[in-house]
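**Q** Residue numbers (full-length UniProt numbering), protein chains in the order written: chain G, 1 to 307; chain Z, 1 to 307.
Quick caveat, the hints were computed from the structure, so don't treat them as lab data.
Note that the structure is predicted; figures quoted are calculated from it, not measured.
Be careful, since some hints might not be right.
[As the list claims (entries may be wrong)] Result set (PhoX-like, lysine-lysine): computed pairs, CA atoms no more than 25 Å apart in a straight line:
1) Z:K205 <-> Z:K65
2) G:K297 <-> Z:K199
3) Z:K297 <-> G:K205
4) Z:K142 <-> Z:K297
5) Z:K79 <-> Z:K3
6) Z:K297 <-> G:K199
7) G:K297 <-> Z:K205
8) Z:K56 <-> Z:K21
9) G:K205 <-> Z:K65
10) G:K21 <-> G:K79
11) G:K142 <-> G:K215
12) G:K297 <-> Z:K297
13) Z:K116 <-> Z:K24
14) Z:K24 <-> Z:K79
15) G:K56 <-> G:K21
16) G:K286 <-> G:K3
17) G:K116 <-> G:K142
18) G:K215 <-> Z:K297
19) G:K287 <-> Z:K215
20) Z:K116 <-> Z:K142
21) Z:K56 <-> Z:K283
22) G:K205 <-> G:K195
23) Z:K65 <-> G:K297
24) Z:K199 <-> Z:K215
25) Z:K3 <-> Z:K205
26) Z:K79 <-> G:K215
27) G:K142 <-> G:K162
28) G:K3 <-> G:K283
29) G:K215 <-> G:K162
30) G:K249 <-> G:K195
2 protein chains.
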Amino acid sequence: MSKLVIVGTVAFDAIETPFGKTDKILGGAATYIGISASNFAVDGAIVSVVGGDFPKEYISMLEEKGMNVDGLEIVEEGKTFFWSGKYHNDMNSRDTLATELNVLADFNPVVPQEYKDAEVVMLGNLHPIVQMGVIEQMNNPKLIVLDTMNFWMDCALEDLKKVIAKVDVITINDEEARQLSGEYSLVTAAAKIMKMGPKYVVIKKGEHGALLFHKDDIFYAPALPLAEVFDPTGAGDTFAGGFSGYLAKTGDFSYENMKTALIYGSALASFCVEKFGTERMLKLSKKEVHQRLQQFKSLTQFDIELT
Amino acid sequence: MSKLVIVGTVAFDAIETPFGKTDKILGGAATYIGISASNFAVDGAIVSVVGGDFPKEYISMLEEKGMNVDGLEIVEEGKTFFWSGKYHNDMNSRDTLATELNVLADFNPVVPQEYKDAEVVMLGNLHPIVQMGVIEQMNNPKLIVLDTMNFWMDCALEDLKKVIAKVDVITINDEEARQLSGEYSLVTAAAKIMKMGPKYVVIKKGEHGALLFHKDDIFYAPALPLAEVFDPTGAGDTFAGGFSGYLAKTGDFSYENMKTALIYGSALASFCVEKFGTERMLKLSKKEVHQRLQQFKSLTQFDIELT
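Only chain G is shown next, with the shape it has when bound in the complex:
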């Protein structure tokens, strides 16, 4: 089974949407990535840190999902990273109400010895110095996927650029692509970002789907139009988990296969937003995933005779 190393936050989230609010619930980029990637037959390992306040049953759940947690450091005297946010009525924008780094402030990631030869590395959203620390511990991985966000472009751009230079795929949203490149057109933005290192650029556009750029080629994965988006938290990470999980499982890192990975990522993300936090993803059946992939096919397939 292919090995997949996942680095990112494991956290508590408190979320408020027009549909309701939660107390502290399970969250974090690595959590969502791991749960999403567990839909594929991969040998995944989560590299992250939590405090002594982190419930043991959450860790058991990740293990039951097939995730190795030897790289999940527990700082007994510390507190787990906490994020709190409130979504606006359109669900496309949100205010961050609180960010408590806690144990994340001094995190030094350690990749377990038996995962240093993993084929695929998924760098979830975290400080680029931490992401680079993981890259440096790896023994020649075949594919490194980077997810990041505007926060690091604002406050750690030089560190981020060093990571970008080392990765094969970068996934960011449209506004972040514009910020990183200084270009409004996503086509021009992607071309500039490819010059910074990655051979593949994935631009996530939320309800408008995602674009995959490679050389002069473009592929467009739609988002499934939904009657109701309940909570967008974790959708991007779930996408990244589906994308990297599918690639790790197949071991095929071609452009053609990356298109399919993009569809898997989009399909899984479309479930994530249906309930608060990880709730929907934890109760996902193979049959439901299968049906949703069928929906993506019927959403985009058309007949045209080109003579």
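Position chain Z against the provided structure of chain G, taking the given hints into account.
**A** Same frame as chain G, but now just chain Z:
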């Protein structure tokens, strides 16, 4: 050859974009629709009105494109409808600088006798009372497609609703769909609009593509990601012209064929924005259209094994 009746404005436009500005150039919904539909073997007729100031060579051009202009009234003592607008830097929003109705103020559309039995009617953006006037002159058309905009929702909603109740397909943009339905989710909005009459709802999302809704089915036509959008004027009308022109040519008004029509509309609209006004559309070759349709195929096609 199938007959296609096109009603809409024939106008002068003065356009300002970040790339430059024009004097009064050829514009208008029916103009763009007609030029776009002329890419298909259809017998089209334009029903509209211009003033004595409208250049004869523009009319000759429309005739050369295969459009019958017997229903294009010329009010010799009047002035042609004039619109002037300025696009913002993001090209997604614009300010209207001037709207001079002129001869449009007293327009009574007359469908030429030999086009009253047309199979397809394309109602381009105009006052809903004018659109209704055209419907009433038609002898049992097989398909009526309506394009409209928020302006009529603001100032002639009841008239507009009567037209909507009579049509098979409505094409509007995402904000207009939300305004018309009072629903934020486009899925819910489309469901509500279908209850108002149309069996098919097309929601245009500009650079994010277009959605086709029919019963519980959804189809997503992407927009071609472009390095540069030079002038968006007429893109929606060009889309409508490609959509209705393809349907008229094939005479197949099924959901499956409408998907293909959506792709044709999107492909033609992707040319329109490459130059000011109608410039690009007037110099379009069959080979270029063919190549762009290929691009739409590679943009959306993927392999997935569902076992």
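**Q** Within a Cα-Cα threshold of 25 Å, do G:K287 and Z:K215 meet the stated pairing?
**A** 24 Å, holds
**Q** With a cut-off of 25 Å on the C-alpha distance, tell me whether G:K297 and Z:K205 pass.
**A** Satisfied, since the Cα-Cα distance of roughly 20 Å is no more than 25 Å.
**Q** For the pair we were handed, Z:K205 and Z:K65, check the Cα-Cα distance against 25 Å.
**A** This hinted pair is violated, its Cα atoms lying about 28 Å apart.
**Q** When you check the alpha-carbon spacing of Z:K79 and G:K215, does it fall within 25 Å?
**A** Status violated; Cα separation ~51 Å.
**Q** Holds or violated: G:K297 and Z:K297, Cα atoms, limit 25 Å.
**A** Status holds; Cα separation ~13 Å.
**Q** Does Z:K65 sit within 25 Å of G:K205, going by the straight-line distance between their CA atoms?
**A** Not satisfied, since the Cα-Cα distance of roughly 39 Å exceeds 25 Å.
**Q** When you check the alpha-carbon spacing of G:K3 and G:K283, does it fall within 25 Å?
**A** 24 Å, holds
**Q** Would you check the hint for Z:K116 and Z:K24, treating anything up to 25 Å between C-alpha atoms as holding?
**A** 33 Å, violated
**Q** Straight-line Cα separation of G:K142 and G:K215 no greater than 25 Å?
**A** Measuring from Cα to Cα gives roughly 19 Å; hence the hint holds.
**Q** Hint check: G:K56 vs G:K21, CA-CA at most 25 Å. Holds or violated?
**A** Holds: G:K56 and G:K21 sit about 24 Å apart, inside 25 Å.
**Q** When you check the alpha-carbon spacing of G:K205 and G:K195, does it fall within 25 Å?
**A** 21 Å, holds
**Q** For the pair supplied as a hint, G:K215 and Z:K297, confirm whether the alpha-carbon distance does not exceed 25 Å.
**A** 17 Å, holds
Hints 1, 4, 5, 9, 13, 23, 25, 26 and 30 from the list above are not met by this structure, while the remaining hints are.
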